[in-house]
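Novice: So you can see what is in the structure, the chains are spelled out below.
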Amino acid sequence: GQNIDQPTEMTATEGAIVQINCTYQTSGFNGLFWYQQHAGEAPTFLSYNVLDGLEEKGRFSSFLSRSKGYSYLLLKELQMKDSASYLCAVSRPGNTGKLIFGQGTTLQVKP
Amino acid sequence: GAGVSQSPRYKVAKRGQDVALRCDPISGHVSLFWYQQALGQGPEFLTYFQNEAQLDKSGLPSDRFFAERPEGSVSTLKIQRTQQEDSAVYLCASSLAGRGLGDQPQHFGDGTRLSIL
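Protein chains in written order, with my numbering: chain A, 1 to 111; chain B, 1001 to 1117.
Keep in mind that the hints were calculated from the coordinates and are not lab data. These figures come from a predicted structure and were not determined experimentally. A few of these clues could be false.
Claimed, not checked - Here are some of the chain A residues that sit facing chain B, going by a computed Cβ distance under 7 Å:
hint, residue
1, GLU55
2, LEU87
3, PHE101
4, GLY102
To be verified - Not everything, but these chain B residues come out facing chain A in the computed CB check (under 10 Å):
hint, residue
5, ALA1002
6, VAL1012
7, GLN1037
8, PHE1045
9, ASN1051
10, GLU1052
As the list claims (entries may be wrong) - Restraint ranges, calculated between C-beta atoms of paired labels, are given here:
hint, chain 1, residue 1, chain 2, residue 2, range
11, B, LYS1057, A, GLN108, 14 to 24 Å
12, A, LYS76, B, LYS1014, 42 to 52 Å
13, A, ALA39, B, PRO1105, 46 to 56 Å
14, A, GLY40, B, PHE1066, 35 to 45 Å
15, B, GLU1071, A, ASN21, 41 to 51 Å
16, A, GLN2, B, PRO1105, 17 to 27 Å
17, A, LEU54, B, ASP1018, 13 to 23 Å
18, B, SER1062, A, GLY15, 41 to 51 Å
Here a beta-carbon is modelled for each residue, glycine too, at the ideal position from N, C-alpha and C.
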């Protein structure tokens, strides 16, 4: 079966740094996506990792270790608008590009 | 508009009724996906189209679920004889890539929130 694990909830303070972890066990692996989803809205693309290492994009960075089946999303200089659900999703080879999502991590940013 | 558009945004139906959910993907996007998202969960794959061809319907929960994309653009997800367990948000996503062309980000619509009474 396919298993993708993320913490259910996290809380952090405005201006701080938070790391959201994702571990996966899937039959085959192509790449890993992170999406942000505000309540009642569409998931929006944040990052994609296919090779090991850190990808930095402004305040957001994403890391992947293929050998460990592990990824994290790092959010710096947190803002109140970063309060949302963060979804980790895996794509597998030869599978039409469909994504297997984790349950999502609800991040609450407090003043 | 520039994004993926879904309608209706909200749908309330009585158990046993049929419903149809519409998705307008981003113009020129080859791939179209439908996902089902239960409250507090991540989206779960339902079906995939490359242009008008339905290449994967392995995620459809039962034969009451049917999807089509007859002209390779707009898609409709139909649910017959709805049940209470069908209540969820139905998300549509599109991407540029066709099969075998590597990963491309999927762009999601806001979804249709379906409630079955």
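Novice: Can you verify the interface hint for B/ASN1051: is its Cβ closer than 10 Å to any Cβ in chain A?
Specialist: With a minimum Cβ separation of about 13 Å from chain A (threshold 10 Å), the hint on B/ASN1051 is violated.
Novice: Is the shortest C-beta separation between A/PHE101 and chain B less than 7 Å?
Specialist: holds (3 Å)
Novice: How about A/GLY102: closest beta carbon in chain B under 7 Å, or not?
Specialist: Holds, because the Cβ-Cβ distance from A/GLY102 to chain B comes to roughly 5 Å (cut-off 7 Å).
Novice: Does the CB of B/VAL1012 sit less than 10 Å away from some CB of chain A?
Specialist: violated (16 Å)
Novice: Check the following: the C-beta atoms of A/LEU54 and B/ASP1018 are separated by a distance inside 13 to 23 Å.
Specialist: violated (49 Å)
Novice: Mind checking the hinted window 42 to 52 Å against the Cβ distance between A/LYS76 and B/LYS1014?
Specialist: holds (49 Å)
Novice: Using the beta carbons of B/LYS1057 and A/GLN108, state whether their distance is inside 14 to 24 Å or not.
Specialist: The hinted range 14 to 24 Å is violated for B/LYS1057 and A/GLN108, with Cβ atoms some 37 Å apart.
Novice: If you take the shortest Cβ to Cβ gap from B/GLU1052 to chain A, is it below 10 Å?
Specialist: violated (15 Å)
Novice: Does B/GLN1037 pass the interface hint, meaning its C-beta sits closer than 10 Å to a C-beta of chain A?
Specialist: holds (9 Å)
Novice: Holds or violated: the hint that A/LEU87 contacts chain B, with Cβ atoms closer than 7 Å.
Specialist: holds (5 Å)
Novice: Taking the closest Cβ pair, is B/PHE1045 under 10 Å from chain A?
Specialist: holds (5 Å)
Novice: Can B/ALA1002 be said to touch chain A, with a Cβ gap under 10 Å?
Specialist: violated (13 Å)
When held up to the earlier numbered hints, the structure conflicts with 1, 5, 6, 9, 10, 11, 13, 14, 17 and fits the remainder.
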